[in-house]
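Chain by chain, the residues:
2 protein chains.
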Amino acid sequence: MTASTARPAHATPGHEPTVDVDALTAAMLGPYAELRRGARAVAGDPRFQRIEGLTVAEHRARVLEQLRTLAREGEVLRAFPTALGGRDDHGGSVSRFAELVVADPSLQIKAGVQWGLFASAIMHLGTEAHHENLLPDAMSVDVPGAFAMTETGHGSDVASIGTTATYDPATEEFVIHTPFRAAWKDYLGNAALHGTASVLFAQLITAAPGGPAVNHGVHAFYVPLRDPATGEFLPGIGGEDDGLKGGLNGIDNGRLHFDHVRVPRTNLLNRYGDVAPDGTYSSPISSPGRRFFTMLGTLVQGRVSLDGAAVNACKLALIIAVTYGNERRQFTGGSDTDEMVLLDYGEHQRRLLPLLAETYASTFAHEELLKAFDGVFSGKNDTEETRQDLETLAASLKPTSTWLALRTLQTSREACGGAGFLTENRLTSLYADLDVFATFEGDNTVLLQLVAKRLLTDYGREFAKIDAGGVARYVAGQAASAALHRTPLLRAVQTVADVGDARRSAGQLRDAETQHALLVDRVETMVAEVAQALRPATKAPRAQAADLFNEHQHDLIELARAHAELVQWEAFTAGIARVDDPGTQKVLTWLRDLFGLSVIERNLAWYLIHGRLSAGRARTVTSYLDRLLRRLRPHAQDLVDAFGYGPEHVRATIASGAERARQDEARAYYRAQRASGDAPVSEKQVPSGKIARSSARPAAARSAVDEVPAEATPA
Amino acid sequence: MTASTARPAHATPGHEPTVDVDALTAAMLGPYAELRRGARAVAGDPRFQRIEGLTVAEHRARVLEQLRTLAREGEVLRAFPTALGGRDDHGGSVSRFAELVVADPSLQIKAGVQWGLFASAIMHLGTEAHHENLLPDAMSVDVPGAFAMTETGHGSDVASIGTTATYDPATEEFVIHTPFRAAWKDYLGNAALHGTASVLFAQLITAAPGGPAVNHGVHAFYVPLRDPATGEFLPGIGGEDDGLKGGLNGIDNGRLHFDHVRVPRTNLLNRYGDVAPDGTYSSPISSPGRRFFTMLGTLVQGRVSLDGAAVNACKLALIIAVTYGNERRQFTGGSDTDEMVLLDYGEHQRRLLPLLAETYASTFAHEELLKAFDGVFSGKNDTEETRQDLETLAASLKPTSTWLALRTLQTSREACGGAGFLTENRLTSLYADLDVFATFEGDNTVLLQLVAKRLLTDYGREFAKIDAGGVARYVAGQAASAALHRTPLLRAVQTVADVGDARRSAGQLRDAETQHALLVDRVETMVAEVAQALRPATKAPRAQAADLFNEHQHDLIELARAHAELVQWEAFTAGIARVDDPGTQKVLTWLRDLFGLSVIERNLAWYLIHGRLSAGRARTVTSYLDRLLRRLRPHAQDLVDAFGYGPEHVRATIASGAERARQDEARAYYRAQRASGDAPVSEKQVPSGKIARSSARPAAARSAVDEVPAEATPA
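From first to last, the protein sequence lines are chains A and B. Here the first sequence stands for residues 1 to 715, numbered as in our numbering. Here the second sequence stands for residues 1 to 715, numbered as in our numbering.
If you're looking for bench data, these hints aren't it; they were derived computationally from the structure. Careful, some of the hints might be misleading.
Any copy, or any two copies together, can satisfy a pair, since identical chains are not distinguished.
[Claimed, not checked] With a straight-line Cα cutoff of 30 angstroms, these simulated DSSO-like cross-link-like pairs (lysine-lysine) come out: (1) K586 <-> K371; (2) K684 <-> K453; (3) K539 <-> K684; (4) K539 <-> K380; (5) K586 <-> K684; (6) K453 <-> K380; (7) K453 <-> K539; (8) K539 <-> K371; (9) K690 <-> K380; (10) K371 <-> K684; (11) K371 <-> K453; (12) K539 <-> K586; (13) K371 <-> K690.
Extracted from the complex, chain A is given alone in its bound form (with noise of 0.2 angstroms):
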């Protein structure tokens, strides 16, 4: 990112091969390269960037300001429909607000509320009528918009949810009404302070003329909230400020109650179940559950987006903690005057560049999850697969990507001592805004868990053909193409049948196809555990059938990780190949092996327990690793300015050259002090017996002195 800052490979020709950062930075940037470069002007635009020490409310106020510019002149309607101005790109919106984490998290939260869940959700669960209506207003922030799905008492378990929308046939109203306290909506943005209207999920209640009360379970349901004259709540409807957060104090999150709120039955959300005038519900789809998940499927793009941003976040933090690392000096190590620098330390260049390679798998994997999702909301590849293998690939990365960004903020905060605890440094009110992306849009556990019982469900129907006896050898020989291979990426992959050969082949570790195998291998024979595991519970009553469940939680998880890193290796490998200069292929495929024996490494005690590698063969692991890391060392800068932030992205004093020109000036001062020979001698130089021996009590030494003035003499 600095042009003064050190690439050693740079300066020592010959076989060490160098990194064209251009070439990789375009690479990285992808197919939606053009928009990012677009967004990235928008976040370097200190119009948008987050100013640290502001009150919340100033901030609060900043970030709607900013999003009301963003909407005049931001490009951030791209998602909408071109009849309203956008460009009915999905793809390409997300590509975008990726981006604006960069500028202020806050920023790009808010602008995921009112965008990518208000506006969104009146798009995609709304019909023609409410696009024309609502949408406009919507879009353009006029009407700042509340997503009230999430309730105190029901967060992950939105099926839950307490607040009842019951149909009153005799005015052709809902009736929107919090039955007790659990049931307030609870950690909306907009809901504290700016949202004038919501869409609101409730319990949908209604009877046919002459039929009982039916719950048709949750709908959305468009509700107005504040006079936008008085900003005062509209009668019936109460709330409350959530007041101050970890982090993003930027958006207004707050509750919200309803106390028989009336809205006309057209403010139903009706896409996929509507209520005619005499109370009678209809619906294109028959199945409530797969009703109620094709209405949540539209939750993805904060998924995506929240993909994104973490990612984006992680290169940030790298870009600090590694130019940092390049500049900062301390210890001389093994010279007698130069102090080292910090990422010349063993140790500096385990915690930070595992972290690197990690975020470059991510941000493959990234434009992969980007691509799945472009393809089924734009229409072009939507299918009842494609969504659900979009949904799994989206729960695969939102938890690991949130979960590395967390890990990659505090390990570059570390990494850069006291300096990293400034705010100027940016480290910690990124890891402070960004801390809850591990919990929203998805609890990151909650959503593991879908993934594995989605990999399991899989195995389950190809299961159920074949006899027990046939178990293991299927194991061994077809689990990969019904276990894995219904996600998006992992299709094209070549299954791995023979479980032997990955063990003799672990001999080259750096082969691309040994890591791949020991990856896949991981992940098949953990799904045909855990199904084996779980079997019982296919045939026993509920509470034991979810016991069983429950005790084998952990591993569903772990099933989890395993994929989404095979996930994030697959991408990883696939990106290699769209770079064409030959230095630069070598340098990401040892940061690929970085990447992947690292995750061989975490759980090399199942490979051990499996018998999937020696201890001999294991030890290697380890002692590759170290060598990968060596060789990656001074390719370390081009690898984090191949990100292609700048400056104004970055923003954080010690990443800008500053900790550079200290130390020169340091270096300088002292070479000259040992050039002109004023320099005092060390006391080890004196001859022994020089020093005087005052009393080997150290308290005598109190007889030299008489009485310590209060204050400094100034000179």
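Given chain A's structure and the hints, the job is docking chain B onto it.
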């Protein structure tokens, strides 16, 4: 903590052991129980507690005022001489300070700066006249003081600081000078605003009559900073505010620089080194290296204090997460009506209970550290060896517990979902404040290296005496006494000479001897392996030796971690013996086993590679660990209640019983609805065919909507 919280173990009499919470609390409070209870009364006083949402200026002013009130009423001066109103009680003093974190970490750390660093340095590095003239105002906070050691350019490497103190015999003054920007003092509490004086560390340069100028290394000087009346810097002194930080914003960290500022000769804190009026240097410690480390030895108090505070923060986090996990319900699991509480989920237990076990281990280990600290600082057990043991123990435990605090706070935050992100629930603020604990008062990574170096040095001394052929036998037979038993905790431990035994007896993983043998064996073997790898360094030129050391830096740090975990395990085991109640002992033993097996599981690959556990046996580690989680789950609330903190300390809405009240209200609502027969029936219960099927193409549903009014009609 809340009386209403369910404790399943108490509810089901039979063979299930029960925890005597009060007795356990007493055991955890340890020998300093009375002092701790006193400090907790202070920490429970709202006057000393953090108010969230204050501006930085307000927070800083509040904490300064709190400090002055503490000086008058808080019994914070126990460590100081009885003659000056203290109690000469070092261990007791730190045991109390560590409780202040519960009120506000800013208060704890500012107290640490004032009394633990500034006043303490006057006491430990100064002599009688300093004590008489300077200590009273430092103790009373009439003189808020900075501890001016760290510079922008040098944190961990104190020996290399750039500030100079050059003696001028003509005026009998030291000239304090900052030669370049990197030598500015930085990150100093009290420097930005409140500090009127400092204890400043600088290179002492003086010449004996007729001799050359000699740099005698880093010494401490009392240097006034500001005019107390105006708050203005004294002439020649300048500085900057460090500005906003990731946390601890109640402390005014800042930077200082000095332009030939003169202080009287007697401002040198001269216990370990003095300068006579004619410029002659004298010291009771002839080796400059040993002198330097002796002076820095006083810093160990800060590490002891941070260790205690970090463990207390873990306790708060776990009280909050476990209490909420016992009340919060989500998803129905195996029941038709009631949702499950979070802590009944296997993964929730997997996330929280091992942290609970580690917090117990850290609590008991901290008690041992406090004992060692008090022994040395009281003079009761102050030898060169016990000082080194204390340093090593502090360097082992401070990194371990401060990292544990971050993991525990973050995991607890995530386990509480969105509620955990609200500032009112404390987890995010505690995380932000404790973040820097990992890198100040000794960077964790640097400290762990010191531990490893100590283990190696101890090993090396013995190693030199035997021939190369004896190495292998020596590793198995004698390493423990050489490498481990120097640290005070480990002296009483029986050496495990036969690794083969450990392997065979691993059949009983729940057996304490087996766990211990496995943990000891790992440390011994790692020491021996690293020593072997580093052996060439002892004879190589400096640069090569440094390279070799650097290549093995990660191994050294892993070794230090393994050592710290062994120390924790042993302290935990010793702690169990101090509890009399058999039920409590049993539960604590399970918890200790959970700790031990978690450590072994984390390092399972190591045990497998080194042939210490067979693959079959390794599998049982995880399954036994799962069994322990299920056994401990009913006791989780008791185990956090036993930390002995009241609502006035916890102060988190979600741990106040509010969640239980909400859940009870919601369940009562549904129960009443079911009983009344008024509940709408679920769509699934409606005979199929009764739901109108709108066109299969969702778009067709659009026809049902005519117009969507912009406002709701309230009831």
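Now the hints, each set against the structure:
Only within a single protomer do K586 and K371 lie at most 30 angstroms apart by alpha-carbon distance; the minimum there is 26 angstroms, versus 55 angstroms between protomers. In this homomeric assembly, K684 and K453 come within 30 angstroms of each other (Cα to Cα) only across copies, at 23 angstroms, whereas the closest approach inside a single copy is 68 angstroms. For a Cα distance limit of 30 angstroms, the shortest separation of K539 from K684 across copies, 22 angstroms, qualifies, whereas the shortest one inside one copy, 80 angstroms, does not. For the homomeric pair K539 and K380, neither the shortest alpha-carbon distance inside one copy (40 angstroms) nor that between copies (69 angstroms) is at most 30 angstroms.
In this assembly of identical chains, K586 and K684 lie within 30 angstroms of each other by CA distance neither inside one copy nor across copies; the values are 49 angstroms within and 58 angstroms between. Taking the shortest alpha-carbon separations for K453 and K380, only the intra-copy value of 27 angstroms comes in at or below 30 angstroms, while the best inter-copy value is 62 angstroms. In this assembly of identical chains, K453 and K539 lie within 30 angstroms of each other by CA distance solely inside one copy; the values are 17 angstroms within and 58 angstroms between copies. For the identical chains of this complex, K539 and K371 are neighbours neither inside a copy (39 angstroms) nor across copies (58 angstroms), given an alpha-carbon limit of 30 angstroms.
In this homomeric assembly, K690 and K380 never come within 30 angstroms of each other (Cα to Cα): the closest approach is 87 angstroms inside a single copy and 34 angstroms across copies. For a Cα distance limit of 30 angstroms, the shortest separation of K371 from K684 qualifies neither inside one copy, at 66 angstroms, nor across copies, at 36 angstroms. Only within a single protomer do K371 and K453 lie at most 30 angstroms apart by alpha-carbon distance; the minimum there is 23 angstroms, versus 51 angstroms between protomers. In this homomeric assembly, K539 and K586 never come within 30 angstroms of each other (Cα to Cα): the closest approach is 52 angstroms inside a single copy and 37 angstroms across copies.
Proximity of K371 to K690 under the C-alpha cut-off of 30 angstroms is found in neither arrangement, the shortest distances being 76 angstroms within a copy and 40 angstroms between copies.
Consistency note: the structure conflicts with the earlier hints numbered 4, 5, 8, 9, 10, 12 and 13.
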